[in-house]
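Working from the sequences, and respecting the hints, build out all of it.
Protein chains in written order, with my numbering: chain A, 1 to 492; chain B, 1 to 492.
Hint data in this document are derived by calculation from the structure and do not stem from the laboratory. Any given hint could be a false lead.
In this list, chains with the same sequence are indistinguishable; a pair is considered to hold if it fits within one copy or across any two.
[As the list claims (entries may be wrong)] Cross-link-like lysine to any residue pairs, in silico, SDA-like; alpha carbons within 25 Å at most:
| hint | residue 1 | residue 2 |
| --- | --- | --- |
| 1 | K234 | E455 |
| 2 | K57 | E46 |
| 3 | K77 | T93 |
| 4 | K337 | A401 |
On a predicted model such as this, the values are computed, not experimentally measured, just so you know.
There are 2 protein chains.
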Amino acid sequence: MSKEITSRTADYAQWYNDIVLKAGLADYSAVKGCMVIKPHGYALWENMRDVLDKMFKDTGHQNAYFPLFIPKSFLSKEAAHVEGFAKECAVVTHYRLKNDPNGGGVIVDPDAKLEEELIVRPTSETIIWNTYKDWIQSYRDLPLLINQWANVVRWEMRTRLFLRTTEFLWQEGHTAHATREEAIEETQKMLEVYATFAEEYMALPVVRGVKTANERFAGAEDTYCIEALMQDGKALQAGTSHFLGQNFAKAFDVQFRDKDNKLDYVWATSWGVSTRLVGALVMAHSDDQGLVLPPRIAPLQVVVVPIFNKDVAAQERINNYANELIATLKAQGVRVKYDNDDNARPGWKFAEYELKGVPVRIALGPRDMENNVAEVARRDTKEKASVSLDNLAAHVIDLLADIQSNMFIKATNFRNENTRKVDTWDEFIRVLDEQAGFVAAHWDGTPATEEKIKELTKATIRCIPLNNEQEEGKCILTGNPSSQRVLFARAY
Amino acid sequence: MSKEITSRTADYAQWYNDIVLKAGLADYSAVKGCMVIKPHGYALWENMRDVLDKMFKDTGHQNAYFPLFIPKSFLSKEAAHVEGFAKECAVVTHYRLKNDPNGGGVIVDPDAKLEEELIVRPTSETIIWNTYKDWIQSYRDLPLLINQWANVVRWEMRTRLFLRTTEFLWQEGHTAHATREEAIEETQKMLEVYATFAEEYMALPVVRGVKTANERFAGAEDTYCIEALMQDGKALQAGTSHFLGQNFAKAFDVQFRDKDNKLDYVWATSWGVSTRLVGALVMAHSDDQGLVLPPRIAPLQVVVVPIFNKDVAAQERINNYANELIATLKAQGVRVKYDNDDNARPGWKFAEYELKGVPVRIALGPRDMENNVAEVARRDTKEKASVSLDNLAAHVIDLLADIQSNMFIKATNFRNENTRKVDTWDEFIRVLDEQAGFVAAHWDGTPATEEKIKELTKATIRCIPLNNEQEEGKCILTGNPSSQRVLFARAY
Numbered sequence: 001m002s003k004e005i006t007s008r009t010a011d012y013a014q015w016y017n018d019i020v021l022k023a024g025l026a027d028y029s030a031v032k033g034c035m036v037i038k039p040h041g042y043a044l045w046e047n048m049r050d051v052l053d054k055m056f057k058d059t060g061h062q063n064a065y066f067p068l069f070i071p072k073s074f075l076s077k078e079a080a081h082v083e084g085f086a087k088e089c090a091v092v093t094h095y096r097l098k099n100d101p102n103g104g105g106v107i108v109d110p111d112a113k114l115e116e117e118l119i120v121r122p123t124s125e126t127i128i129w130n131t132y133k134d135w136i137q138s139y140r141d142l143p144l145l146i147n148q149w150a151n152v153v154r155w156e157m158r159t160r161l162f163l164r165t166t167e168f169l170w171q172e173g174h175t176a177h178a179t180r181e182e183a184i185e186e187t188q189k190m191l192e193v194y195a196t197f198a199e200e201y202m203a204l205p206v207v208r209g210v211k212t213a214n215e216r217f218a219g220a221e222d223t224y225c226i227e228a229l230m231q232d233g234k235a236l237q238a239g240t241s242h243f244l245g246q247n248f249a250k251a252f253d254v255q256f257r258d259k260d261n262k263l264d265y266v267w268a269t270s271w272g273v274s275t276r277l278v279g280a281l282v283m284a285h286s287d288d289q290g291l292v293l294p295p296r297i298a299p300l301q302v303v304v305v306p307i308f309n310k311d312v313a314a315q316e317r318i319n320n321y322a323n324e325l326i327a328t329l330k331a332q333g334v335r336v337k338y339d340n341d342d343n344a345r346p347g348w349k350f351a352e353y354e355l356k357g358v359p360v361r362i363a364l365g366p367r368d369m370e371n372n373v374a375e376v377a378r379r380d381t382k383e384k385a386s387v388s389l390d391n392l393a394a395h396v397i398d399l400l401a402d403i404q405s406n407m408f409i410k411a412t413n414f415r416n417e418n419t420r421k422v423d424t425w426d427e428f429i430r431v432l433d434e435q436a437g438f439v440a441a442h443w444d445g446t447p448a449t450e451e452k453i454k455e456l457t458k459a460t461i462r463c464i465p466l467n468n469e470q471e472e473g474k475c476i477l478t479g480n481p482s483s484q485r486v487l488f489a490r491a492y
Numbered sequence: 001m002s003k004e005i006t007s008r009t010a011d012y013a014q015w016y017n018d019i020v021l022k023a024g025l026a027d028y029s030a031v032k033g034c035m036v037i038k039p040h041g042y043a044l045w046e047n048m049r050d051v052l053d054k055m056f057k058d059t060g061h062q063n064a065y066f067p068l069f070i071p072k073s074f075l076s077k078e079a080a081h082v083e084g085f086a087k088e089c090a091v092v093t094h095y096r097l098k099n100d101p102n103g104g105g106v107i108v109d110p111d112a113k114l115e116e117e118l119i120v121r122p123t124s125e126t127i128i129w130n131t132y133k134d135w136i137q138s139y140r141d142l143p144l145l146i147n148q149w150a151n152v153v154r155w156e157m158r159t160r161l162f163l164r165t166t167e168f169l170w171q172e173g174h175t176a177h178a179t180r181e182e183a184i185e186e187t188q189k190m191l192e193v194y195a196t197f198a199e200e201y202m203a204l205p206v207v208r209g210v211k212t213a214n215e216r217f218a219g220a221e222d223t224y225c226i227e228a229l230m231q232d233g234k235a236l237q238a239g240t241s242h243f244l245g246q247n248f249a250k251a252f253d254v255q256f257r258d259k260d261n262k263l264d265y266v267w268a269t270s271w272g273v274s275t276r277l278v279g280a281l282v283m284a285h286s287d288d289q290g291l292v293l294p295p296r297i298a299p300l301q302v303v304v305v306p307i308f309n310k311d312v313a314a315q316e317r318i319n320n321y322a323n324e325l326i327a328t329l330k331a332q333g334v335r336v337k338y339d340n341d342d343n344a345r346p347g348w349k350f351a352e353y354e355l356k357g358v359p360v361r362i363a364l365g366p367r368d369m370e371n372n373v374a375e376v377a378r379r380d381t382k383e384k385a386s387v388s389l390d391n392l393a394a395h396v397i398d399l400l401a402d403i404q405s406n407m408f409i410k411a412t413n414f415r416n417e418n419t420r421k422v423d424t425w426d427e428f429i430r431v432l433d434e435q436a437g438f439v440a441a442h443w444d445g446t447p448a449t450e451e452k453i454k455e456l457t458k459a460t461i462r463c464i465p466l467n468n469e470q471e472e473g474k475c476i477l478t479g480n481p482s483s484q485r486v487l488f489a490r491a492y
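Here you go:
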């Protein structure tokens, strides 16, 4: 496979696919809309998962695991929920194959038809709330703070690697509370966990906001979200946290006795992020040479490449120094590798690690060694520097921190430069078409106007930012009065 | 729910279910044959997963993720494989629901029928080897050492929590090699990884062996296994490692060019362990008071329970000492909790932690504190000791190691005492019925005899132990000559 990557300016969509495929993040599969997550992509997801998992546990949550299958009738119990998911469900109808009596291989055994069809979970509110019914009787059983790492299936007609696939990996938190206030607090707390993760680990600045009624999760009273901006100026929803009110408790009859022995329905939240984040990471930071990964979640943070000539003594000096350096870095928790494979030339290796997004590359050549220096290249800016061997480990550790913060600053600047206040319809259209990015504009607050704007421009309201500045204005489409701007964008 | 546990002697099967349900490991679900893994059970599985994952990575394997769905036609490509799995497959036939025009809720949309049905993976050899076809061209692409953590579905008619469920969690390794020898070496290496894990972490002694042709994985040339003995004298297969020969490479046409540019089919292995191990752990070690967990994989290793009287100064002394102790233990990597919840009495807490299998319980009471001691109870033997506060942390760390090794020794002695050499058919029947355990007996090596013995006694050949002693003998059923004993048992 050629390592050639289409440039972003030539074809952004193709650039994205090239990176995902050629950097070894994922591959297409034989099953329509499903992907194979390759080792490099999976290692990235594992790192993201481990950080998030710790953040969930630190905020009091426990992991559990619920069935993959959901009885069809469960979906119907919450009206908005079934409306939102019924059209994209994989349905299990039979539980056995048999040999075709006509010799055509195996066929579905018609005698093994399920009495009630099973849905492959598109999300687990229904099966989980059906279980919570048995787990919650009293206020002493609350709050119940549970998270699940799982695969889910939503039958998508148009798919893209990581961004929208029929099956994807995710986590879904499902919590139960005694009061409305506590559930809302949980919803907001988990949104902040996601925002912190995106910004501090993925180096991805996000807008914290709340969705309009049109864009809410099917079954939620409020959907909070974090929204990020990709390099092509399109927005990407990077995580959602839902306040579900008592909707699922009522649908599954989950009541508890409070301290005064009074029965009430339980209050709920759910929240999730998925392998889609890997796609967001690629789109936010990478360049025409390949992946650019933030050090805190990069599977490999530093690679050391020796450059050998025929001088055996010099080779030994390089090996010795490299092994010492690597031991020092590993002892400080750095994920580092010594690539002294002599089946590949250094130049080939440089291109390969650049493609895979390794944040720091150290080259050790005989002449450099004589001068007591090494060449240190950083992936984000592609700058190279000659660094003294004496304090190379410390330099590398500082450099990793610098790359992490530089990537965040760069992405934040890009996002800020591409967030524009717009006050007229003409300007709105022009900015969307010519500059893209987030557009902060007044909206009259009605679903009809939101729908109309989407129809006319393909732009949606990404969110109403939290702590949004209140200002009088006029809706860009209808001219009706508005008290705040909302964030529009075309989105993934 | 009553915490009362049926005793092992009264009803072993009920005892097992009581422990699983009441210790909070799992719960039944609304979906036939599927279980909910509750937080305590999932934490145990997570610990097992993390240890195994590190062992896989240390032996050069990488994780990846392949689709949940397998096109029906893939299964048929390997003849033995489809024979083994077709009868227990969940089949997805449709991808959409719709509102019933007659008002009966949602129904499967007949217009959304898949052209080719999809099977929910019962194991992933077929979808993975279909992918490997694109990944392997040359000897330079080999070996390919990949593992996947995933859920799988096998439609079981009779299920038991953890031991046999329709959906279960597992890992499946799938490796590709240039030579037969290397693939066999990998198969054996991973068996040894499993055996080491079972013995050193689960405190579960296992027999390493190879399956007879009858008991082989569908599509394998050889199935290696580890077999453990449960407290009721029944055997449990705790892990398998398969040498797949070139069967899947041929089925999916995966060929590579060797160093001499000659084309050959790739050699394969696969290996897996599952959440079934949690069931094995319960059955091997627990007692009539609840779970007994080996410290190395116990979610919580030590619990500290204060016993307060009304003396506030004494309470403060206890709290201060406990916090210090816990900090010391945590700094040494011990998973420890201070349970000073005053909504529950100490006696209730003791029973609860006993039920949940926490290896060490420390009680801190005012009188003990005055005497500079604490009461330390170990879960495995239920012994209590009065230990000086001066070196309590060190004592606890030694105790954890002692419990781990004691549990292994106890289980090993039980296994050895319940492995009996038997030379006649009458004795074989008698031992199976009256003493259970492993029975080492001669077998004439034919599948027909093996089948007949299974029919007559429900005992199966668990394995032919590796490095088995060779000795002349006569088959217990047919009297035909045999060169070695094999291990029989009734099994889960």
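- Query: Of the hints stated earlier, which fail here?
  - Reply: none
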